[in-house]
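Put chain B on the given structure of chain A with help from the hints.
Number of protein chains: 2
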Amino acid sequence: MEIPLKIIILFTSVIRVINTSVVINRFDDDDCELDAELVEEIASYENVTKRIMEEIRSNFGEVMYNEYTRFIDTFGARPSGTEVLERSIDHMINLTKHHGLNDVTTEELQVPHWVRVHESASMLQPHVKNIAILGFGSSVSTPPEGITAEAIVINSFDELDKTDKKTIEGKIVVFDAHYVTYGDTVVYRSQGASKAAKKGAIATLVRSITPFSIYSPHTGGQYYEKNVPKIPTAAITLEDADLMRRLQNAGDKIVLHIKMLSTSDTKTSRNTLVDLKGSVHPEKLVIVSGHIDSWDVGQGAMDDGGGMMISWFTPVILNILKLKPKRTVRAILWTAEEPGLIGAQAYLKKHMNDLDNINFIMESDEGTFKPLGLDVAGSKKARCIVKEVLKQFAPINKLTNSGYPGSDIVIFVHQGIPGASLLNENERYFWYHHSEGDTMNVQTMKDVVDCAAFWAAFSYVIADLSVDIPRQ
Amino acid sequence: MEIPLKIIILFTSVIRVINTSVVINRFDDDDCELDAELVEEIASYENVTKRIMEEIRSNFGEVMYNEYTRFIDTFGARPSGTEVLERSIDHMINLTKHHGLNDVTTEELQVPHWVRVHESASMLQPHVKNIAILGFGSSVSTPPEGITAEAIVINSFDELDKTDKKTIEGKIVVFDAHYVTYGDTVVYRSQGASKAAKKGAIATLVRSITPFSIYSPHTGGQYYEKNVPKIPTAAITLEDADLMRRLQNAGDKIVLHIKMLSTSDTKTSRNTLVDLKGSVHPEKLVIVSGHIDSWDVGQGAMDDGGGMMISWFTPVILNILKLKPKRTVRAILWTAEEPGLIGAQAYLKKHMNDLDNINFIMESDEGTFKPLGLDVAGSKKARCIVKEVLKQFAPINKLTNSGYPGSDIVIFVHQGIPGASLLNENERYFWYHHSEGDTMNVQTMKDVVDCAAFWAAFSYVIADLSVDIPRQ
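Going down the list, the sequences are from chains A and B. With full-length UniProt numbering, the residue at position 80 of the first sequence is 80, and numbering never jumps. With full-length UniProt numbering, the residue at position 379 of the second sequence is 379, and numbering never jumps.
Worth flagging that the hints you see were computed from the coordinates, not collected in a lab. Just so you know, not all the hints are guaranteed correct.
Because identical chains cannot be distinguished in the list, a pair is counted as satisfied if it fits within a single copy or across any two copies.
Derived lysine to aspartate or glutamate pairs resembling EDC-like cross-links, with alpha carbons at most 20 Å apart [claimed, not checked]:
1) 391 to 33
2) 253 to 67
3) 322 to 31
4) 162 to 46
5) 446 to 242
6) 326 to 37
7) 326 to 275
8) 129 to 83
9) 129 to 119
10) 129 to 86
Bound-form chain A, shown alone (with noise of 0.2 Å):
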């Protein structure tokens, strides 16, 4: 999942939802007055629900697991503007259409299309080390001999800002704040580079955001600020953060040689939309939503196959077992999530005139460990509404509102329109988020099956119910 800019800058204070042991809810849902005859229709719906989980459980749930993993081993990283992540959405519309459902289309839009070329670091003073790096996306190349200057490690903003422009000038910052959460964190990945070219620095180097490492960098989104100078951003790991910061502090001086070659163009891709028509009203749609991009490092199993690929399950599911609610089930398959949410934003401007008939849009993509519930936005009613539709998939019935539900929905959420992130037990998404460590190894047969029942089962509900989520 990725954070673009102007999501960070409008929500700052709420961005913690993603861990989910550090949701911060903003409204206390304890006095839910729901009409009673709704109460009653919700709790009817409880043998099929039942049916739902318990058919994906013990039978088709495997398949679909099998077809995931299939998916990430012969695809891989699928970095936007790609050719193989071109030929992993063909795969995936054939696949729809394997499985039984034709209405899949696409929705085309340019996308960035960034490639690292090469990338290497070094230590120089005070000992010769190998330092590994790992560009952030839109990251401008070194000359072609690189850059070597002296290092200055820097804890935080406040730090730099304090700091003379002298002391930075013509050095590489070595941005080195400790995790917090993501959201806290992640900002110097996203912002560092222009706030250390502004004072003069030639480079940065960021302490990956991860509170845990066995020495492997974590790339993502940076972006530069416009009229201020462009420079090489990367990062690094915790250990060589640690190891710089240990280095400074003793008085050593730090030399370091980086040297860094990207190329970026502009590419074709595709939104995939997988629709199952609505009985009764097929204009109004209940969205479930993952990407089917991820960034060029490891498998981009977790970051966000598997999102995407229980949302994918979800019209395909009901499908097979002939359950066809009132509402249009449509799965997104967002393309150019990674780079700031391309395809969410080219879907929104494309529909902007048929928002009103988005009635709930839902989004996995912090991981599809063991499911927990729903991060919600929405209105009082809204909120209590999918609260007494998740009394019925207890234990998996957590409700927080953080204000910032996922990703690529965001921007949706921010039209007025309702929606949830799926909640699950993912403390450890950020060990491997964005870097080589994101494999199908991250994942458990059990865990995407539980979330790929709960993900089908809670739509199916919400897109059947006599009435519409409300946005009042």
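Frame of chain A; chain B shown alone:
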């Protein structure tokens, strides 16, 4: 720590000690019967052991930890045969004198000098993917153009034995044995190349010997059998081993390209001996030890910077505290442990006629995490004395007797010399072992200081007791 082939062959059934959670005891020492006088004498040390531990925990431990950190950050990895290892040895000699102990000598020996020059690997079929590799020490190079060949994933030596030679010939064997214990699983690293070569394999890649990975390959020693073709051999990550296993199971043909270049010669290195001479029996030795060399990845902070440092610190702090036991306390900083206990073997050979004077030999080479007690080798009476001494260190009073206490000291133990290695909370030891993850980040000051306090105080008692530790 390292386990040389001959030790593995001798002790495959008992080398489970390394992860303390799976220590298998060979004897039950619940029925110790020591002389009342000796029990009383041991109890009388309680004041002095408390004082030693208190002085280290409150005063000198922090100095030691800072020296340790500075040592690791200054020299980093210290592979056998390198100049940096020799400079790090010089540093420890100077540090000994700086802290007031002048009785420091070195003994020269010839050590292997294997240098990793270049390594790379990629999967060419069924799709192109970079494969992280880390060659095993003493591996031969590939031809300059590399090796391109089909891979076959093999689960065990048993499966290898049962597979037709024709099926293996000309292929790269990928050993995918899952971690059980280090002792059980390391054989694929140490013996896999020759076993596969006998079947006609042209290279081997081995699933890293670790229960957990964030895409981190782990190196280590390996041993070619005589009269068997020497083929290149390297570690791969758990993630890529699992990927190749899944691809093979799905019927895909896997083609790999491997390029490895290394050099190999012999250099002079030194074991370092730091003596606090005994007040009554200076010729009798209580040895405390760890190895100063490391693999060429990471910082060698855990393996075995910590063990080397707490052992070095033992005579140094006793001297500072003006505690001169009856016997000599000798710290030995073994050189060239990683290529196969080369330093320890040279010491054993050189001192073969003085072995009777080694009263007890200790080693810390399995981590300096929270100390738990000792794994003891020796006669029942020896174990019972250690057990009695440990009582005053509770809760650091766990006693096991696996038969394989440590690595370097095992060759002394098998000469009949009683000895012990440090038990500690090292459940994550193999997450970092022989990888880029072996850095100061895995250590904490509290744990290392606690290890040092226990190590020094325990050694003092053993070195000062009125009775020798009995061999029978």
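Do the hints match the structure? See the list:
Within a single copy, residue 391 and residue 33 get their C-alpha atoms as close as 15 Å, which meets the 20 Å cut-off; across copies the closest is 64 Å, which misses it. Only between protomers do residue 253 and residue 67 lie at most 20 Å apart by alpha-carbon distance; the minimum there is 19 Å, versus 53 Å within a single protomer. Taking the shortest Cα distances, residue 322 and residue 31 never come within 20 Å of each other, neither inside one copy (37 Å) nor across copies (71 Å). For a Cα distance limit of 20 Å, the shortest separation of residue 162 from residue 46 qualifies neither inside one copy, at 59 Å, nor across copies, at 53 Å.
For the homomeric pair residue 446 and residue 242, the shortest alpha-carbon distance between copies (18 Å) is at most 20 Å, but the shortest distance inside one copy (37 Å) is not. In the homo-oligomer, the alpha carbons of residue 326 and residue 37 lie at most 20 Å apart inside one protomer (18 Å), although the nearest pairing across protomers, at 89 Å, exceeds that limit. Taking CA atoms no more than 20 Å apart as the test, residue 326 paired with residue 275 passes inside one copy only; the shortest distance there is 13 Å, against 85 Å between copies. Within a single copy, residue 129 and residue 83 get their C-alpha atoms only as close as 36 Å, which misses the 20 Å cut-off; across copies the closest is 14 Å, which meets it.
When the C-alpha separation of residue 129 and residue 119 is checked against a cutoff of 20 Å, the pair qualifies both within a copy, at 15 Å, and between copies, at 17 Å. In the homo-oligomer, the alpha carbons of residue 129 and residue 86 lie at most 20 Å apart only across protomers (17 Å), although the nearest pairing inside one protomer, at 39 Å, exceeds that limit.
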